[in-house]
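Those protein sequence lines, which keep their order, are chains A and B.
Read in our numbering, the first sequence has 92 at position 92, and its numbers run on one by one without any break.
Read in our numbering, the second sequence has 109 at position 109, and its numbers run on one by one without any break.
Among the hints, erroneous ones may be present.
Unchecked claim - Derived, one-sided and incomplete: chain B residues facing chain A with beta-carbon distance under 10 Å:
no. : residue
1   : Phe-64
2   : Lys-67
3   : Lys-71
4   : Asn-75
5   : Cys-91
6   : Arg-110
7   : Thr-112
What the hints assert, rightly or not - Here are the computed lysine-lysine pairs in the BS3-like style, where the Cα-Cα straight-line distance is at most 25 Å:
no. : chain 1 : residue 1 : chain 2 : residue 2
8   : B       : Lys-67    : A       : Lys-49
9   : A       : Lys-112   : B       : Lys-40
10  : B       : Lys-40    : B       : Lys-71
As the list claims (entries may be wrong) - A few chain B residues that don't get close to chain A, going by computed Cβ distances all over 10 Å:
no. : residue
11  : Thr-31
12  : Ser-39
13  : Asn-50
14  : Thr-101
If you are wondering where the hints come from, they were derived from the structure by calculation, not from laboratory data.
The beta carbon of each residue, even a glycine, is placed where N, CA and C say it ideally should be.
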Amino acid sequence: AQSVTQPDIHITVSEGASLELRCNYSYGATPYLFWYVQSPGQGLQLLLKYFSGDTLVQGIKGFEAEFKRSQSSFNLRKPSVHWSDAAEYFCAVGHTNAGKSTFGDGTTLTVKP
Amino acid sequence: DTAVSQTPKYLVTQMGNDKSIKCEQNLGHDTMYWYKQDSKKFLKIMFSYNNKELIINETVPNRFSPKSPDKAHLNLHINSLELGDSAVYFCASNPGQGGRTEAFFGQGTRLTVV
């Protein structure tokens with residue numbers, strides 16, 4: 001069965017430090033992969049997505065993610081975190097024939113001043 | 001111009017009551033969803049509609065009944081509310097084949113059952 005694992009429940013980084021949020025997926029075919037961000041009291045917003053092609057994808061707000069098929073991973077990175085990046089981050093894998101996406105359990109990012 | 005809008009944003013009600021949450025999208029998308037986010041922020045799909053037809057029902061109790069009067073609207077009616085129904089409910093829409101494209105989410109409805 002398709003699944004998404006975000007191993008880190010909570011991550012704290014200092015403002016200006018680099019960030020990497022981990023995501024591992026289990027899917028039989030080429031996956032459609034997404035990262036979403038949820039700010040407090042808000043809905044989810046797409047940061048970036050991967051379907052095919054270049055395995056390093058750029059997203060909004062300075063985020064990027066790298067698809068590594070050999071490791072079944074799609075980790076999210078940002079070189080320098082801003083206080084406004086504090087939020088919940090969700091990785092998701094799209095089911096091509098089932099009309100839905102499966103979400104990971106999320107990683108809460110706290111940014112220290 | 002809100003793309004996916006839900007009403008109400010907050011809903012506090014007593015156990016046993018019946019309540020509805022409304023959702024509208026102005027993106028012209030064919031697919032709409034209801035998700036439930038629990039207190040641990042886990043996000044689970046409940047229902048999916050494509051062009052007014054139910055295509056996903058993820059083992060949700062019969063007390064939950066979605067209704068899609070047209071492809072721009074997907075409402076959620078909940079009968080006999082229970083304490084465990086307290087959560088944030090998100091409506092979302094998707095332009096095409098659900099798994100291949102990203103979802104656009106509403107701001108959520110925080111339901112509190114007391």
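Results for each hint:
no., hint, in the structure
1, Phe-64, "17 Å, violated"
2, Lys-67, "19 Å, violated"
3, Lys-71, "14 Å, violated"
4, Asn-75, "17 Å, violated"
5, Cys-91, "9 Å, holds"
6, Arg-110, "9 Å, holds"
7, Thr-112, "14 Å, violated"
8, B:Lys-67 / A:Lys-49, "30 Å, violated"
9, A:Lys-112 / B:Lys-40, "22 Å, holds"
10, B:Lys-40 / B:Lys-71, "31 Å, violated"
11, Thr-31, "7 Å, violated"
12, Ser-39, "12 Å, holds"
13, Asn-50, "7 Å, violated"
14, Thr-101, "8 Å, violated"
Checked against the numbered hints given earlier, this structure breaks hints 1, 2, 3, 4, 7, 8, 10, 11, 13 and 14; the rest are met.
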